[in-house]
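So the chains spell out like this:
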Amino acid sequence: MTTKDVVITGMGATTPLGGDVASTWDGLLNGASGSRTIDADWVDTYELPSRIAAPLAVEPSEVLPRVRLRRMDRCEQIALIAAHQAWNDAGFELPSEEEQPVDPDRLGVSIGTGIGGPTTLLDQHDTLKSQGLRKVSPLTVPMLMPNGPAAHVSLELKARAGVHSPAAACASGAEGLATGMDMIRSGRADVVVAGGAEACIHPITVAGFAQSRTLSTRNDEPERASRPFDVDRDGFVMGEGAGVVVLESAEHAAARGARVYGRLAGAGITADAYHITGFHPDGLGQINAINAAIGTAGLSTTDIGHVNAHATSTVVGDVGEAAAIRKALGDDVVLTAPKGALGHLVGGAGAVESIVTVLSLYHGVVPPTCNLENPDPKVELEVVGGEPREMSSTAAVNDAFGFGGHNVALAFTRD
Amino acid sequence: MANEEITSGLASIVEEVAGVDAEEVSVEKSFVDDLDIDSLSMVEIAVQAEDKFGVKIPDDELANLKTVGDAVDYIVKNA
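For the protein sequence lines, the chains are A and B, in the order given. 417 is the number that the numbering used here gives the last residue of the first sequence; the numbers go up by one with no jumps. 426 is the number that the numbering used here gives the last residue of the second sequence; the numbers go up by one with no jumps.
Heads up, some of the hints might be wrong.
With a straight-line cut-off of 20 Å between C-alpha atoms, the simulated EDC-like cross-links for lysine to aspartate or glutamate are [said to hold, decoys possible]:
1) B:376 with B:362
2) B:424 with B:385
3) A:137 with B:408
4) B:399 with B:352
5) A:380 with A:334
6) A:137 with B:362
7) A:160 with B:385
8) A:131 with B:398
9) B:424 with B:408
10) B:413 with B:383
11) B:403 with B:383
12) A:6 with A:95
13) A:160 with A:91
14) A:160 with B:383
15) A:137 with B:385
16) A:137 with B:363
17) A:137 with B:397
18) A:137 with B:352
19) B:376 with B:420
20) B:424 with B:375
21) B:424 with B:398
22) A:380 with A:222
23) A:6 with A:107
24) A:137 with B:407
25) B:403 with B:370
26) B:413 with B:368
27) A:160 with A:61
28) A:137 with B:375
Simulated from the structure, these hints should not be mistaken for laboratory data.
Could you put the whole structure together from the sequences, leaning on the hints where they help?
Dropping the structure here:
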């Protein structure tokens, strides 16, 4: 063990499958789907072609007090909820003026989001137009800014070693963890609260993604709409959710006798520099990210038992990713894709699915890919579908990619 | 409007905006030091008070309203 080893000692999440990590994990193992018909007038008003989304299973209003809710955008609310859970799970109490469980100057935050608070931005713009300046909230800017989720967590936990909020579209949550790992490895922090959050189910985001032709239109069967690697997939289902982990130097964790779920052993971050939404057809950026993740982890390709795929259920993306994984890791690695159950949590996805990957190694069980009925023959790797798969491998990779050509691969090991 | 009525109206605004129990909001309390209300919440409280009591509270006047009593007096004079 060296001081550079980074372990995961706490985890928290709020997702379309449940209001915490345990219920989310149970939902994944049981084949539950978080996708629903959007229950709002605007779907009809704007004649949106996709009428499906994966909303939170537990509303933030059931968890946070009213006044805290009104001072935060929904994205900030769920980041804070997931951070509270992760912090408690790591065995820490909330800090007070007298007592701080971690030295504030050695505690960092790295929580990414794809978009931040567009709902606040648009609501307040409506308020300005209809009621004028006086009724615009003085909290508008801190609620819409994309560093808001990380900043609120920093305030709550008295984290002063630096606060980052990576914006890498749908890879933001994974980049949140990668940045947190770097903060510990470079000696800037001993503990980093890291993750990602997104809550942007709004007419404009659904319309925008619909116009880029990336959303599923299986409107008559919402629970079956998100089906990564299935031959009948037709696009992703937009979800909302947050995942936050407590990353800790192995030395710091050992000194306080913390429970360790696993190790964030390596990260690879690359960019395609090819197209603003499409991935490089040769998959070079994805392959290089995976290679960098396992390389920095000191692992070899044969150590990796499974890949938690980014696989969003789009026609082109899933096949391209599988080909890249096969080129990077060979024919024996197996895949799973939690977005079949969770939908696509955008900036929350890479963080929530990192938690899924860590739990897969911790329990020795890989959850099935929801709605995988007829695996696409163009996917030339085995995909776990139907029932959970027991696996004894000690390392796994979590992929996360984003509009803009962002590729992030994280390598996790069982401690 | 009676002073007590203004105090209780102000108390319910403070409770709505800042989550301070209305019972805590009495004339001698300082918004910042006793009720822990920040400058952002004070802006919201002022806007709601303007609507409720039919007064104008310009920013330079708002800065002088240190206690709940100051605000009640201002509203009594200017409503």
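Hint-by-hint comparison with the structure:
no., hint, in the structure
1, B:376 with B:362, "holds, 14 Å"
2, B:424 with B:385, "violated, 25 Å"
3, A:137 with B:408, "holds, 19 Å"
4, B:399 with B:352, "holds, 12 Å"
5, A:380 with A:334, "holds, 16 Å"
6, A:137 with B:362, "holds, 18 Å"
7, A:160 with B:385, "holds, 18 Å"
8, A:131 with B:398, "holds, 18 Å"
9, B:424 with B:408, "holds, 13 Å"
10, B:413 with B:383, "holds, 12 Å"
11, B:403 with B:383, "violated, 24 Å"
12, A:6 with A:95, "violated, 25 Å"
13, A:160 with A:91, "holds, 17 Å"
14, A:160 with B:383, "holds, 18 Å"
15, A:137 with B:385, "holds, 18 Å"
16, A:137 with B:363, "holds, 15 Å"
17, A:137 with B:397, "holds, 11 Å"
18, A:137 with B:352, "violated, 24 Å"
19, B:376 with B:420, "holds, 14 Å"
20, B:424 with B:375, "holds, 18 Å"
21, B:424 with B:398, "holds, 16 Å"
22, A:380 with A:222, "violated, 26 Å"
23, A:6 with A:107, "holds, 18 Å"
24, A:137 with B:407, "holds, 19 Å"
25, B:403 with B:370, "violated, 26 Å"
26, B:413 with B:368, "holds, 18 Å"
27, A:160 with A:61, "violated, 26 Å"
28, A:137 with B:375, "violated, 28 Å"
Of the numbered hints stated above, those contradicted by the structure are hints 2, 11, 12, 18, 22, 25, 27, 28, listed in ascending order.
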